[in-house]
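Engineer: Given only the sequences and the hints, what does the whole structure look like? Please build it.
Residue numbers (the working numbering), protein chains in the order written: chain C, 82 to 567; chain A, 15 to 232; chain U, 8 to 325.
Hints were generated in silico from the structure; no laboratory data involved. Hints may be right or wrong, so weigh each one.
[Stated by the list, open to error] Partial chain A-side listing against chain C, Cβ under 10 Å, derived:
hint: 1; residue: Thr-129
hint: 2; residue: Gln-167
hint: 3; residue: Ile-215
Backbone N, C-alpha and C define an ideal beta-carbon position, used for all residues, glycine too.
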Amino acid sequence: MRLTFLALLGSPVLAALLAALARPYRAWAGAAGAMLSLLSLAAALRLAGRVLAGATPTWGPGEMMRVDALSALLAVCVSFVAALAAWLGPGLGRDAHYGPGQARRFRIFSSLFAFTMLAAVTANNVAVMWVAIEATTITSALIIPLTVSKASVEASWKYILICSVGIALAFVGTVLGYFDYIHLAGESESALNWTSLMAAAPAMHPRVVELAFVFILIGYGTKAGLAPMHTWLPDAHAEAPAPLSAMMSGVLLAVALYAIIRWKAVVGAAVGSTLPDRLLLVLGLASLAIASLSLVGQRHYKRLLAYSSIEHTGLMCLGLGLGPLGAFAALLHLVNHAVAKSMMFFLSGRILDRYRTTELGGVSGLLRAMPVTGGLFAAGMLALVGLPPFGMFLSKFALVRAGFATGHPWLMAAVLALLLIAFVALLSQVHRMLYGALPDGVAVGEGNRWGLVPLGLCAVLLVAMGLGGFGLLQALLDRAVEVTAR
Amino acid sequence: MGSLFAQLAVMGSSLVLIFGLLLLWRRGSAAHIAAFTAQSVALAATVAVIARFTGSAELWVVAAMFLAVKGVVMPLLLKRMERRFGESRELDPYVNTATSLVIGGLLVLFAYIVTRPVVEVSQLPTRAGMPLAMGLIFVSLLVIISRKKALTQVIGFLMLENGIALLAALGTYGIPLIVEVGVFLDALMGFLVMQIVVYRIQQTFESLDIEQLNRLSQ
Amino acid sequence: MIDPTTGAYVLAVAQTALALALAPGLVGLVRWMKARLQNRQGAPVWQPYFELRKLFAKEVVVSNNASWLFSATPFIVFASTVAVTVLVPVLAVPLPFDRVGDLVVVVYLLLLGTFFLALAGLDPGSAFGGMGSSREMTVAALSEPTIALAIFALALSAGSTNLGQIVVRTMAEPAAALSPGYLLAFGALFIVTLAENGRLPVDNPGTHLELTMIHEAMVLEYSGRYLALLEWAAWLKLLLFFSLLGNLFVPWGVATTLAPAALALAVVSLLVKLTLLAAVVAVSETRVAKLRLFRVPELLAVSFVLAVLAITVSFLVR
Numbered sequence: 082m083r084l085t086f087l088a089l090l091g092s093p094v095l096a097a098l099l100a101a102l103a104r105p106y107r108a109w110a111g112a113a114g115a116m117l118s119l120l121s122l123a124a125a126l127r128l129a130g131r132v133l134a135g136a137t138p139t140w141g142p143g144e145m146m147r148v149d150a151l152s153a154l155l156a157v158c159v160s161f162v163a164a165l166a167a168w169l170g171p172g173l174g175r176d177a178h179y180g181p182g183q184a185r186r187f188r189i190f191s192s193l194f195a196f197t198m199l200a201a202v203t204a205n206n207v208a209v210m211w212v213a214i215e216a217t218t219i220t221s222a223l224i225i226p227l228t229v230s231k232a233s234v235e236a237s238w239k240y241i242l243i244c245s246v247g248i249a250l251a252f253v254g255t256v257l258g259y260f261d262y263i264h265l266a267g268e269s270e271s272a273l274n275w276t277s278l279m280a281a282a283p284a285m286h287p288r289v290v291e292l293a294f295v296f297i298l299i300g301y302g303t304k305a306g307l308a309p310m311h312t313w314l315p316d317a318h319a320e321a322p323a324p325l326s327a328m329m330s331g332v333l334l335a336v337a338l339y340a341i342i343r344w345k346a347v348v349g350a351a352v353g354s355t356l357p358d359r360l361l362l363v364l365g366l367a368s369l370a371i372a373s374l375s376l377v378g379q380r381h382y383k384r385l386l387a388y389s390s391i392e393h394t395g396l397m398c399l400g401l402g403l404g405p406l407g408a409f410a411a412l413l414h415l416v417n418h419a420v421a422k423s424m425m426f427f428l429s430g431r432i433l434d435r436y437r438t439t440e441l442g443g444v445s446g447l448l449r450a451m452p453v454t455g456g457l458f459a460a461g462m463l464a465l466v467g468l469p470p471f472g473m474f475l476s477k478f479a480l481v482r483a484g485f486a487t488g489h490p491w492l493m494a495a496v497l498a499l500l501l502i503a504f505v506a507l508l509s510q511v512h513r514m515l516y517g518a519l520p521d522g523v524a525v526g527e528g529n530r531w532g533l534v535p536l537g538l539c540a541v542l543l544v545a546m547g548l549g550g551f552g553l554l555q556a557l558l559d560r561a562v563e564v565t566a567r
Numbered sequence: 015m016g017s018l019f020a021q022l023a024v025m026g027s028s029l030v031l032i033f034g035l036l037l038l039w040r041r042g043s044a045a046h047i048a049a050f051t052a053q054s055v056a057l058a059a060t061v062a063v064i065a066r067f068t069g070s071a072e073l074w075v076v077a078a079m080f081l082a083v084k085g086v087v088m089p090l091l092l093k094r095m096e097r098r099f100g101e102s103r104e105l106d107p108y109v110n111t112a113t114s115l116v117i118g119g120l121l122v123l124f125a126y127i128v129t130r131p132v133v134e135v136s137q138l139p140t141r142a143g144m145p146l147a148m149g150l151i152f153v154s155l156l157v158i159i160s161r162k163k164a165l166t167q168v169i170g171f172l173m174l175e176n177g178i179a180l181l182a183a184l185g186t187y188g189i190p191l192i193v194e195v196g197v198f199l200d201a202l203m204g205f206l207v208m209q210i211v212v213y214r215i216q217q218t219f220e221s222l223d224i225e226q227l228n229r230l231s232q
Numbered sequence: 008m009i010d011p012t013t014g015a016y017v018l019a020v021a022q023t024a025l026a027l028a029l030a031p032g033l034v035g036l037v038r039w040m041k042a043r044l045q046n047r048q049g050a051p052v053w054q055p056y057f058e059l060r061k062l063f064a065k066e067v068v069v070s071n072n073a074s075w076l077f078s079a080t081p082f083i084v085f086a087s088t089v090a091v092t093v094l095v096p097v098l099a100v101p102l103p104f105d106r107v108g109d110l111v112v113v114v115y116l117l118l119l120g121t122f123f124l125a126l127a128g129l130d131p132g133s134a135f136g137g138m139g140s141s142r143e144m145t146v147a148a149l150s151e152p153t154i155a156l157a158i159f160a161l162a163l164s165a166g167s168t169n170l171g172q173i174v175v176r177t178m179a180e181p182a183a184a185l186s187p188g189y190l191l192a193f194g195a196l197f198i199v200t201l202a203e204n205g206r207l208p209v210d211n212p213g214t215h216l217e218l219t220m221i222h223e224a225m226v227l228e229y230s231g232r233y234l235a236l237l238e239w240a241a242w243l244k245l246l247l248f249f250s251l252l253g254n255l256f257v258p259w260g261v262a263t264t265l266a267p268a269a270l271a272l273a274v275v276s277l278l279v280k281l282t283l284l285a286a287v288v289a290v291s292e293t294r295v296a297k298l299r300l301f302r303v304p305e306l307l308a309v310s311f312v313l314a315v316l317a318i319t320v321s322f323l324v325r
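Structural biologist: Here it is in structure tokens:
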């Protein structure tokens, strides 16, 4: 197992190192990074396979790294999106928009970013996970202003300040949890491991654990983009370069939710799920509401996608608060969203390259200018609003069913209403983009065709997951839900 | 009031909190940096007191780290930042000083209420200082929200971290050393990245007034 | 415990007389120390006594626009300050008059004096008087609650708002004097002392520029024995605050019996505390500049927050 872990975590580090050593920047470093990302993905799939076979791979002194079903699920998602970014990002030799210095910076920090996310989901130790998540803020903040402009600098400042504050609050929650643990069990090396916390959970003091969870939820919720701490998200995701936006929207939000899920399991074992569920429902609904309403009248397509991310995170949060059925729905949604949103952001990068404007009003006639891109963009948008045959339809359906099953009919009615608003807003905007006259100066034709292959693969995955999914995925999700519900 | 240990711990925590409140009162970056430096020294002293009374070698190392990095290195970097891109003019905060101070006092009261369960559970003699650490956390949040200058927001964030470190030291006699080091390096990296971003802000906006950062508003 | 015998009542009266006698000397001492710090010769320490004697001999001139309030105020202010002297622990505790009033009464009596003085500043209709009154009210609005809160923090640990009881409790538990609640309350009360008595950085007692005055502006219209009474009352207030600061927080030396030795020790310790505090105030007045008026509420907000902190620390930490 050691080699697998090494492949998983070491590949991105090595990729970053290679990019750092290549002075001046050369395309081989990017190519090597792309290969290494595939290695990382393979390692993640292998770990998932081991988990499905019943094992729980661990590694490191004091079992510092531990992969159970939830970790494996997220590791696969993270490495998949990281691989997409490595293959489609700047620095592979064909970029007209980024200079070699920028490409190099992107390669170094996006690889480190991937590493920190993978470390966060495979860590057994709560504090190591925290350190890794804080490191994700740092590594990603450095490449948001890849092209320095007033808007991107403003976005990166908001991002780093708000997320660092949020993560500091999450640390307060971590300290409180640790405090409770060592009052029960005394100090020990493994005091901060998930396994120890779960074992000691039933004996913990209810008030302290609840207080800790509030801090954790607010802290990691800031990183996940839950309202009302979401103000950094539209700016950061819109101003960042497309591959970075894809990673941030697709999987970073998921990693933050992962942290919340882990702590929820501990709190659930300690005091039962009433308070955590209620808080999650409130925050989820608030995020969904704010996002859906902000989608109406949105003028920039990348911000549109960013608000859509908030909407989906809100849905996932709602699902987590609705019991095991809801948790299943939330995790299925997580996987689908990772694939769909990344694909959409990469496509938006292509659109930006061609149309040279971020405004929705400036983009029209997409289907004529770039037929395949436009088609994939439309498909992705249909997926995001939850239409069949895409996977999100299944997950949204499961979510609503879970809501009715746990006795929240009015809540589900509100959710459906908000989803309808988002549906209308998104589709009308996309419609305007796809059809209409071509603006001046926009060339017709796809340009870089090879870049479309991975994105087409994403679309295929979305449809496959929607048509009844992989049996393996189902099994993995089931096991992951077991982890959360315990 | 309890033993000498408890009294010293609470006195140290009060000093840490008072230096935090100073950030609400004084204007001008020089005063803010001085307040942060004094606060870090008080924090290191409190951790050293805990180390002395619990006989933990790890905590001595932690106290030395705090003193070296937060008491010396960070203030130097902050002063350099101030010199390079300081404003000559003071910026009024969003909330005026007297109101901020009163809100700060109320936040400390709120912190007492919030940490009630924690203090009741704890058996340690240092538990009396935990509400003060939590109060510092809330006051730092107030500073970050209500100040207009990017540098002041950074100092507010550093004080937030001081508050969390104090909470950990008082509540659990510190977290395991390896974790402490990790957290510390993270914080340092975060600070350095903030420095870089502030530099970029200065470059593109030619001021550190965050009111200028309003282009992305929808 | 001092029994309410005749001796105790006599002591109470003697204590008040001593305070009245010492007050001008205290102010003279502060002025002399400041002068020496500023490298000047300075007037001798007993100069204020001569000032009082001079003022009592002079004629009283009252404006035509002034009402009965103007003439009554010096007596009201003087009387209320003397009444506070009876309630504040100066030499010995607990004295029989303590049963009459406690912290709340002290605060109200002080406020009574301030209130009438502010009205008297407005009464003759002069511009400077009104200006001084409004400024004084701004300061008082923030500082009076702080006095109450700061001493209340001490009262919480003592279990009673009676000032004498507080001193007795603190003497019984010396370690409490170093507790954070006490230290915070001391800080708050020190700032309030400076504010209430018109000391720098809130108000410059030696200024002759009307636009910078607060207290001086209110007494600008007074002359003769009225002015003498008002000045004496102001100096007495300073002595009272100093003895509060000294005796509440560092109560050693305060007599608890009527024995002559204890009383002698009490007088000596009082003189020592007064001199020390006078030195501190003189040094701080020489070091800091006067705050601009709109900054004064900020300083007072600081003292208010310190007092609130003192209460939370003493109350919620057992």
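Engineer: Let's test the interface hint: is any C-beta of chain C closer than 10 Å to that of A:Ile-215?
Structural biologist: A:Ile-215 check passes; min Cβ-Cβ to chain C is 6 Å, inside 10 Å.
Engineer: With chain C as the partner, please determine if A:Gln-167 meets the hint condition of a C-beta pair closer than 10 Å.
Structural biologist: 6 Å, holds
Engineer: Any CB of chain C closer than 10 Å to the CB of A:Thr-129?
Structural biologist: Given a least distance of 8 Å, the restraint on A:Thr-129 holds.
Hint compliance for this structure: every hint is met.
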